[in-house]
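From first to last, the protein sequence lines stand for chains S and F.
Note that the numbering used here has the first sequence beginning at 626, numbered continuously upward.
Note that the numbering used here has the second sequence beginning at 6, numbered continuously upward.
The reader is advised that the hints may include incorrect statements.
To be verified - Derived list of chain S stretches under chain F, where covered just means 3 residues or more per stretch with a C-beta under 8 angstroms from a C-beta of chain F:
#: 1; stretch: 836-847
#: 2; stretch: 852-859
#: 3; stretch: 899-908
Unchecked claim - Okay, the calculated beta carbon distance ranges per label pair:
#: 4; chain 1: S; residue 1: PHE754; chain 2: F; residue 2: LYS24; range: 40 to 46 angstroms
#: 5; chain 1: F; residue 1: ASN215; chain 2: S; residue 2: PHE912; range: 42 to 48 angstroms
#: 6; chain 1: F; residue 1: SER73; chain 2: S; residue 2: THR756; range: 50 to 56 angstroms
#: 7; chain 1: S; residue 1: GLY933; chain 2: F; residue 2: LYS24; range: 45 to 51 angstroms
#: 8; chain 1: F; residue 1: SER73; chain 2: S; residue 2: PHE754; range: 25 to 31 angstroms
#: 9; chain 1: S; residue 1: PHE912; chain 2: F; residue 2: LEU294; range: 38 to 44 angstroms
Said to hold, decoys possible - Short, incomplete list of chain S residues facing chain F, as computed with Cβ under 10 angstroms:
#: 10; residue: PRO690
#: 11; residue: ILE725
#: 12; residue: PHE732
#: 13; residue: ALA945
Rather than coming from a laboratory, the hints here were simulated on the basis of the structure.
Computed from a prediction, not measured in an experiment: that's the story for all the values here.
Just so it is clear, CB atoms sit at the ideal spot from N, CA and C, and this is done for glycine as well.
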Amino acid sequence: MAAYTGLLKRPVSPTGVWSWLTTIDHKRIGLLYGVTALTMFFIAGIEAVIMRLQLSSSDQTLVSPEIYNQLFTMHGTTMVFMVIMPMGAAFFNYLIPLMIGARDVAFPRLNAFSFWMFLFGTLLMHASFLTMSAPAMGWFAYAPLTSLEYSPTNGVDYWVLGLQVLGIASMAAAFNFVVTIINLRAPGLTLMRMPVFAWMTLIISFLLIFAFPVITIALTLLQFDRWVGTNFYNAAAGADPLLWQHLFWVFGHPEVYILILPAMGIVSDILPTFTRKPLFGYPAVVFAGVAIAFMGFGVWSHHMFTTGMGAWANGVFSFATMLIAIPTGIKVFNWLGTLWGGAIQFKTPLLFSIGFISMFTLGGLSGVMHAIVPVDTQQQDTYFIVAHFHYVLFGGSLFGLMAGIYYWFPKMTGRMLSEGIGKLNFWLMLIGFNMTFFPMHIVGVLGMPRRIYTYGADQGWDSINMFMTIGAFVIVASFLAFMVNVIRSLQSGDPAGDNPWKAATLEWSISSPPPHYNFVEIPTITSRYPLWEKDHSVGAAQAHGHDDGGHAVHMPDPSYWPIVLSAGITMLAGGLLIWKWHQILGFTVISTFGLLALYATYRWAFEPVNEPNSEEPHQ
Amino acid sequence: MAHVEPIEEQTSTGLNNRKLLMWAFLGSDCMFFGALISTFMVYRGRSGTSILQFHEAHDAIKDAIGISVGTLSIILILLAVVAFAVNLIVMNRGVVKQIIPAVLTLFVIVVIFQSAWIAGHHPEFTAHECTEMGGIVLPDNESCELILAENVLDIPLTSISTFVLLMSSLSMVMALAALERNNLPGFRTWLTATCLLGVAFLGFQVFEFNAFLQEGLTPRENLFGSTFYVLTGFHGAHVTLGVLWLSSLVVASFKGKVTQKSALDVEIAGLYWHFVDIVWIVIFSVIYLIGAYGIG
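Based on the sequences and whatever the hints tell you, model everything.
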């Protein structure tokens, strides 16, 4: 039916490009997040491989020092903000409503808005490559290197504005998932019956809500310094040279937990399935996560031990950092306790989970080493640090996310991934990862500094660096195996059925892929592992209800205001960039798109859930 | 403001989704203001000295009509308050719609006069002022070296604007109470009053910013300038957003889109508005009171 809500007809078709641009279905948004994040992973991976090639032997000239700076800056920024975070977002978008027995998130249009802000922020930051001035000051952008004096090109500007846009995306998503998880749980699904992944999503949503404002303000102050000429980071005018570092790490340390907690949640849900027993010490795992989140706000200065904060500050933050290892250790022992005595099935998701536990533990151990101030002073800015955070973020987060992909791919696509290629993928990745990053501990202790584009032959680091570069290509091979596996499965994978792993949580009670309304009938939950209950009443209700194809379920219509609003906001940032080059043009762009954003906000606010007289979209 | 929410059957906690969202947002907003206020506190007393030239006072409006526009504005605001009081008394007699335009007109006059004054006003800056503000008159006798920081603040003036903003919280409460009793005219009056008080606060802020700029305190001048403009400006942006939101609700009520059923929409907007007011109390204390009297 022609339902006009403005300039354009409201989209109602369930297929085609337009339906993806206007979708507010959490499953489609989750897939969009996942595909975008994997694409960015590919790009950041290429950056990493170029760096490894440059470092493979002494005095290489593959890239210039300037390009090398841009490569490590964009590699770090992309991996943190545009790969691991959105991959976590892909999972929680797709899975949370399914896990908690809801038909969608609390604010479906806000959810679409989050994704488009993320995509546009990513594009905005990567547009800097087009002007050949990608940011080159490192992913934590210490002042005063970011000042106009020391970074006269607009790389920093792209970085600042890109992160602001990405920040809006993350916070919008966090608000949405806090409300969704607190308010949309199925009857009987108490908080302590939720899957651990839902718990971890709730925790990281709170972390995002409280940590992201601090970086937003830090970036805003930097914006004022660069656009208006204020003095926030100008030590010559009396500013504190450490202000940026404090603000950045007050955000930055909780951010580390934002990156790792989703993987911990994923693994905590995979282990019970493949050991055929409930998670050992569920409350301990949950409360350890909560404790990590709280303590995560009190350890930021351990990134700054060498800045001369004084013995007291160093002592307090050193102690707090050792303390936070306790809840983390609790989780590791609970995972081991889950494996202990279980009827273990070594499927690919479990292999990746075990990889996660062991590699993350190694990364955690080197992390505790840094908590000791004299040791940290020795290791600061060496490859030892690079080794540490790759063990946490690659060995930890990425192994966990890979486990999640292998585990839920059948649910998302309805097809199984090949176990053989999956195992090849796992072993190549584990071997390549350790070849690449373990020697970094050694070369770091030998004194190789991070962020140098080359080194002299007299240092004696040639062979060890060549070995690491070969390791990087083994990782590349593992991801080729992964891509082959995905493509093969999409074309001719075995049908998955509703519950191929005989798992226990709610998302496995519905068809694969799930219908767009998720549940015909909202289930009532009586335990943590509803599908392992003897009567299987939850699954039965879904199977029974399939008959009417969900015709009785009313779902909200798609909307194009989320993408319009996010385009408007992103172009405000674009206008600020143009403003530096041409003030009048910049002002025109800012005011035009500001008005567009305002208009879109109003249309959004007054848009009904369903157009009167419109047909329900059905898939 | 969305009038229909997709999945709003019963919620797990019984709390409305949008209300919960607003509380989460306000928690987050505390961190925004917290980071800015911390920056302000860290940078207190770290501004260097500036050099200002002496100049004569100049007030174009006072020259023309013989009365200071500042005084005139205060008289007009008082009149506006009286108009509200009268409005409150006669509200039940159905003349509300006549009062609203009257108050609006009054208000516009205040704003116009204020802007005109800002444009035509140049405060005097003499050797006396210089020493008053703790500066040193330079040997040339034409300029002054001083730390341009808390000493530029006009606490009585900002106390008035603080009072105006806090009164807007009262009128916000009255607006919601009126809507809950299905008293639409009362709702419109009180919400319009809230908007106007918000705009009045912004007027004070524009005035203050202009006055400081004329005294030579720009955001570039020193750390006090940088932190002052960004912190109070960030709060001003919040008030602006609130005024836009509340005035949209007033307009929507004339189109029949805000009724007793949408009391929750207004309550959520009110949560935001009260939060912005409460934050201002903190900012006022930190910048104006603690700053001026040198505690800590």
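Tested hints:
1. 836-847: holds (count 9)
2. 852-859: holds (count 5)
3. 899-908: As far as the stretch 899-908 of chain S goes, the hint is violated, because 0 residues have Cβ atoms under 8 angstroms from chain F.
4. PHE754(S) x LYS24(F): 40 to 46 angstroms: Given a distance of about 44 angstroms, which is inside 40 to 46 angstroms, the answer is holds.
5. ASN215(F) x PHE912(S): 42 to 48 angstroms: 54 angstroms, violated
6. SER73(F) x THR756(S): 50 to 56 angstroms: 53 angstroms, holds
7. GLY933(S) x LYS24(F): 45 to 51 angstroms: For LYS24(F) against GLY933(S), whose Cβ atoms are near 47 angstroms apart, the range 45 to 51 angstroms holds.
8. SER73(F) x PHE754(S): 25 to 31 angstroms: 58 angstroms, violated
9. PHE912(S) x LEU294(F): 38 to 44 angstroms: 42 angstroms, holds
10. PRO690: At 33 angstroms from the nearest chain F Cβ, PRO690(S) fails the 10 angstroms test, so the hint is violated.
11. ILE725: Result: holds, 9 angstroms to nearest chain F Cβ.
12. PHE732: At about 7 angstroms, which falls below the 10 angstroms cut-off, the nearest Cβ of chain F leaves the hint on PHE732(S) intact, so it holds.
13. ALA945: 19 angstroms, violated
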